[in-house]
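Here the protein sequences line up with chains C and S, keeping their order. In this text, residue positions in the first sequence follow the UniProt record's numbering: the first is 1, and each later residue adds one. In this text, residue positions in the second sequence follow the UniProt record's numbering: the first is 1, and each later residue adds one.
Please note: incorrect hints may appear among the correct ones.
So the derived list for chain C, only partly shown, Cβ under 10 Å to chain S, looks like this [as the list claims (entries may be wrong)]:
(1) 124
(2) 207
(3) 211
(4) 224
(5) 225
(6) 301
Covered stretches of chain C (chain S as the covering partner; in silico rule of three or more C-beta atoms under 8 Å from a C-beta of chain S) [unchecked claim]:
(7) 199 to 205
(8) 212 to 223
Hints were generated in silico from the structure; no laboratory data involved. Being a predicted model, the structure only gives us computed values, none of them experimental. Even glycine gets a Cβ: it sits at the ideal position worked out from N, Cα and C.
Residue-level listing of the chains:
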Amino acid sequence: MLKYIVKRFFLMILTIFIIATLTFFLMNAIPGSPFNEEKTSNAVVQQNLEKHFNLDKPLPVQYVLYLKSIITFDFGPSIKQPTETVNSLLGRGFPISAELGIWTILVALISGITLGVVAALRHNKLIDYTAMTIAVLGISIPNFVLATLVIQVIAVDLKLLPAATWNSPQHMILPIIALATGPMAIIARLTRSSMLETLTQDYIKTARAKGLSPFKIVVKHALRNALMPVVTILGTLLAGVLTGTFVIEKIFAIPGMGKYFVQGINQRDYPVIMGTTVFYSTFLVMMLFLVDIMYGVLDPRIKLHKKGGE
Amino acid sequence: MEKILDIKDLHVSFTTYGGEVQAVRGVNLDLHKGETLAIVGESGCGKSVTASSIMKLIPSPPGKITKGSIHFKDQDLTKMSNKDIRKIRGVDISMIFQDPMTALNPTLTVGDQLTEGLKQHKKISSHDANEQAIEMLNLVGIPNPKERMKQHPHQFSGGMRQRIVIAMALICEPELLIADEPTTALDVTIQAQILQLFNKIQEQTGVSIILITHDLGVVAKIADRIAVMYAGKVIEVGTRREIFYNPQHPYTQGLLNSVPRLDQRGDQLIPINGTPPDLFSPPKGCPFTARCPKAMEVCENVYPVHTKLSDTQEVDCWLQDERAKKYIAT
Ligand SMILES: Nc1ncnc2c1ncn2[C@@H]1O[C@H](COP(=O)(O)OP(=O)(O)O)[C@@H](O)[C@H]1O
Ligand code: SF4
Ligand SMILES: [Mg+2]
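Model the full assembly from the supplied sequences, consistent with the hints where possible.
What follows is the structure, encoded as structure tokens:
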């Protein structure tokens with residue numbers, strides 16, 4: 001187990017390194033620089049600025065400085081907002097994005113699994129068809145379309161909830177709906193099909209032959225096995241929710257990390273781009289790692305270490 | 001001896017897209033205390049459906065008991081509510097399925113699966129349940145039961161898993177054990193060990209056993225009586241002696257000729273040609289007609305008379321009719 005974790009840890013570091021390197025070179029490959037929009041500044045000022053942010057140095061040197069900033073986790077000041085450091089932007093944006101993300105995942109998991117299980121238990125009944133129709137709609141409608149739709153209908157027409165920003169629990173409902181519906185639908189469909197398959201397994205027959213109650217059979221014997229595939233897609237789903245937050249934060253004017261990330265790219269604010277990217281990827285890679293461990297805990301047949309078993 | 005199970009005129013159908021499959025078409029069977037009854041017959045003849053019907057374990061839908069009764073002691077199991085039948089399952093009657101590799105839940109420990117039935121049905125502390133489970137594992141011959149309780153099914157071999165399944169079935173001390181092809185998925189040497197285990201258990205606990213198999217070699221060792229099924233019906237039943245040495249139904253005779261037997265060394269094995277009839281529209285006459293070497297005109301159109309040959313042997317075949325005997329003689 002420990003050996004596995006250590007191995008995975010180094011793999012994680014390597015992944016982050018590769019992402020960081022790619023980001024660096026891609027970023028430098030995009031035409032333009034942080035300063036060429038500013039017509040007002042003259043050549044001397046620009047040179048001084050470039051010197052200040054080390055942009056006059058050759059690329060390899062910049063790369064090494066960049067790697068250093070990753071290791072120390074200090075990305076320096078933002079170029080476009082000189083009063084802010086990248087770290088302070090992250091510190092302000094992350095809790096908000098995390099709040100949106102965690103609620104989204106929770107809502108998607110709980111409603112998706114419930115919908116899937118109910119549909120499977122009422123296989124080919126009205127509830128099943130209804131749930132799966134909702135699921136197909138949820139998968140096929142992109143989150144930004146859903147976002148505009150709920151803003152129009154629920155916020156503007158019905159005036160039930162605020163349309164934007166992030167000030168109170170009421171403000172959180174629409175963005176979470178917009179972001180969670182897709183993952184919820186995916187989870188519901190997966191849970192349903194996996195549950196249907198699990199219910200035909202021999203060990204379910206054994207459990208029935210023991211005289212266990214239907215509730216115990218579903219919860220203790222079926223659900224745990226049926227949720228295995230859901231756990232495997234959790235990583236992908238997480239990545240989806242993460243990228244989804246960029247769009248949703250933009251639409252709902254939520255001051256999360258996505259806002260700074262998109263802004264950073266638009267303004268070629270190199271330290272901000274690098275800082276947010278490295279932060280996002282580290283976070284995601286760590287989550288994937290946790291999902292893997294969780295899978296091993298849920299299914300004893302998955303060996304996290306070499307020895308054991310027959 | 002006391003009768004503990006009495007199945008009368010059992011009919012079971014499955015509604016499928018292709019129509020109604022009449023899987024079981026009027027089965028009569030009974031079982032006495034401490035007895036081992038074997039049900040034999042080719043794959044698809046309705047053995048598992050008959051056995052699963054006893055505890056209402058047929059998948060429903062599509063399956064349904066359309067007619068008949070199953071009396072266990074004084075109660076008709078077919079008329080019981082789902083809630084009441086759950087109190088019978090695992091307590092009075094237990095069932096073992098064919099494949100030990102899939103019969104246990106891969107994500108739960110063996111100990112958990114062994115004790116959950118006890119905990120469900122009896123007021124018992126976790127500690128006592130564990131003790132009882134360890135005792136049971138000892139009985140079925142699992143070494144180091146205490147440590148093994150904490151392990152998961154994948155850490156056991158197929159034969160060991162079947163022993164666990166048997167221990168699980170016996171833990172509430174049922175009066176009837178139904179074993180559906182319990183040795184089919186196992187190696188030959190392991191098969192013999194498991195059959196010995198059944199013998200030992202019956203001696204120690206006095207449990208009645210219904211043993212389902214398509215292998216006559218298996219029943220030769222442990223069955224007291226044998227019921228031969230064909231196309232959803234019991235076509236011949238008798239003691240082991242009667243079935244092995246005085247089989248009257250041509251299908252039973254065919255079955256015996258198609259398996260190797262220790263007492264008839266050197267005899268050629270003769271397979272039964274052809275396939276069983278379609279159960280969507282079973283023939284109105286004898287279902288064996290198309291494959292029967294002794295078939296007569298009447299066989300195709302009228303279902304054969306049920307004949308009692310002795311206190312224990314019964315057969316459904318036109319050859320038992322006086323008129324057929326004359327017909328054959330001439
Ligand atoms: N769930 C089911 N749905 C439809 N048909 C079934 C189902 N289970 C069993 N049958 C049919 O019932 C018949 C008897 O099956 P079974 O009792 O399993 O045979 P066996 O004697 O091999 O145990 C078969 O023809 C099979 O096609
Ligand atoms: S009834 Fe006729 S066809 Fe059927 S087994 Fe007897 S002889 Fe053969
Ligand atoms: Mg079967």
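Hinted contact residue 124 of chain C with chain S - closest CB pair below 10 Å:
At about 9 Å, which falls below the 10 Å cut-off, the nearest Cβ of chain S leaves the hint on residue 124 of chain C intact, so it holds.
Min Cβ distance, residue 301 of chain C to chain S: is it shorter than 10 Å?
5 Å, holds
With a cut-off of 8 Å between beta carbons, are at least three residues of the segment 199 to 205 of chain C near chain S?
As far as the segment 199 to 205 of chain C goes, the hint holds, because 4 residues have Cβ atoms under 8 Å from chain S.
Check whether three or more residues of the segment 212 to 223 of chain C sit with their beta carbon closer than 8 Å to a beta carbon of chain S.
Contact hint for the segment 212 to 223 of chain C vs chain S: holds, 5 residues under 8 Å.
Taking the least C-beta to C-beta distance, is residue 224 of chain C closer than 10 Å to chain S?
5 Å, holds
Does the nearest C-beta of chain S fall within a distance shorter than 10 Å of the C-beta of residue 207 of chain C?
Holds, because the Cβ-Cβ distance from residue 207 of chain C to chain S comes to roughly 7 Å (cut-off 10 Å).
Was the hint right that residue 211 of chain C lines chain S, CB cutoff 10 Å?
Interface hint status for residue 211 of chain C: holds (3 Å vs cutoff 10 Å).
Mind checking the CB of residue 225 of chain C against every CB in chain S and telling me if the closest is under 10 Å?
6 Å, holds
Going down the numbered hints, you'll see the structure goes against none, and every one checks out.
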